[in-house]
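Listed below, chain by chain, are the residues.
2 protein chains.
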Amino acid sequence: MITIVGIQGMGNVRAGDNVGDLIVKAVRAQELTFRSGDILVVTQKILSKAEQRIVDLKSVQPSERALRVAEETGKDPRLVEVILTETSRVVRMKDGHLIVETWQGFVCANAGVDKSNVPEDETVTLLPVNPDDSANRIRERVKELTGSDIAVIVSDTFGRPWRIGQMNVAIGVSGMKPIRDYRGSYDMFGHQLRVTMMAVADELASAAELAMGKSDGIPAVLIRGYIYEKADGWAKDLIMPADSDLFR
Amino acid sequence: MITIVGIQGMGNVRAGDNVGDLIVKAVRAQELTFRSGDILVVTQKILSKAEQRIVDLKSVQPSERALRVAEETGKDPRLVEVILTETSRVVRMKDGHLIVETWQGFVCANAGVDKSNVPEDETVTLLPVNPDDSANRIRERVKELTGSDIAVIVSDTFGRPWRIGQMNVAIGVSGMKPIRDYRGSYDMFGHQLRVTMMAVADELASAAELAMGKSDGIPAVLIRGYIYEKADGWAKDLIMPADSDLFR
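Protein sequence lines correspond, in order, to chains A and B. The first sequence finishes on residue 320 if you use the working numbering, and the numbering steps up by one all the way, no holes. The second sequence finishes on residue 320 if you use the working numbering, and the numbering steps up by one all the way, no holes.
Treat the hints with caution; some may be incorrect.
Put simply, identical chains are the same to the list, so a pair is met inside one copy or across any two.
Unchecked claim - Below are the DSSO-like pairs computed for lysine-lysine, each with C-alpha atoms no more than 30 Å apart in a straight line: (1) K166 to K249; (2) K215 to K166; (3) K97 to K147; (4) K308 to K166.
Because the hints were derived from the structure by calculation, they are not lab data.
Construct the entire structure; sequences and hints are all you get.
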């Protein structure tokens, strides 16, 4: 059995907060304990706040390029300026949507720049500079404070082509392989599986979202009972290289 | 707390089997009981077998078009013939991959035609003709046999652009809204959410996959504790119409 439990009561995370400390405290307040083998999924939003990856749009002066893209997409030129700062290339700009590749390599809408769940008006969050490092710091802090060897996933909410609605995916990983590779293993009738590589870190991020909601103040989730491959692993293992991507 | 439990011991499902009966029997053998509000996720594979959506490639005569596509993709021409029969249009054909839109509207590799977990060599499964109907039949049968009002999701394993690895998604839905629409609701600081529509049926399918594996003979999963919107809902609600799709 796999169990998924939301971690509540962390309040509004502020710049400079140690997210690992906050999570351990909240877990204890909920009368839970970490166990080795647990998976902790943490939403990007609180890491961005703790790591000061926030921008007040009132301080932003849009460039000529941002003004052009803003006109084409109908977005706030200052928001576009911030998005472009996070962007290595624009993948699609159409019907008010701006899908880009971030300089971390993620392909997503608006480079992950987001307004929700930030107290100040006109303030946006950017993705953590290196979400794998963010995940790793939390993992090490949980180990220090509790002795438990866990895996940590940093999640964000991405759209996708062809299907309506968004799903949570893993943008940071520490302590586990994000892909379960079945190539060469055998199905229940002894036939060899050829192509299956499951993005289990993304599936774990999606499973965690079910316990998060969007407005409930549950920025972290504990998953127990899923047996993962303990290993070094990074969210970049989930990024399709541009030259083998059929849709970039 | 959300719990995810794999349903084991269903053996090899055969043409004509009533999947609802098999699942209720397996759930009881595992000393579980259905409760109203549960979500049952069933892999497409056993439905395809029960609904005789299987083709012996030895019986297939490839068309001229299938021969051309087979040459371009390096696939078995008979397999390509079956794929094209399930296809309404080819979305991408490159580097040995064949991404199509099925006549049900799903965009996926090989039109969902698949060789794994079928006992016979050279036999493939096709997607159920109408996976929403398949889900609905199971839901009604579970209700008849146990009195419990549940939701049912039919899952399949799809790849996606930009990211490595596959995830489970919902190709059939009954008894719940597959999308949770946050548009117009408020975040924890009282700001209105503008765009968020979470594909919760896909997230549930992905969560279930974590308890399925690819070779463990666990074709169905029971999820408990996730509060969903009880309503009529169909997997087609998850399909982006081609004219608003940025990548088709």
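Evaluate K215 and K166 at a C-alpha cut-off of 30 Å and name the case that applies: within, between, both or neither.
-> neither (45 Å within a copy, 45 Å between copies)
Up to 30 Å between alpha-carbons, please classify K97 paired with K147: within, between, both or neither.
-> Classified as neither: same-chain Cα gap 39 Å, cross-chain 55 Å, threshold 30 Å.
What label fits K166 with K249 when the C-alpha limit is 30 Å: within, between, both, or neither?
-> between (35 Å within a copy, 28 Å between copies)
Up to 30 Å CA-CA - K166 versus K308, copy category = both (27 Å within a copy, 23 Å between copies)
Of the numbered hints given earlier, the model fails hints 2, 3; all others are met.
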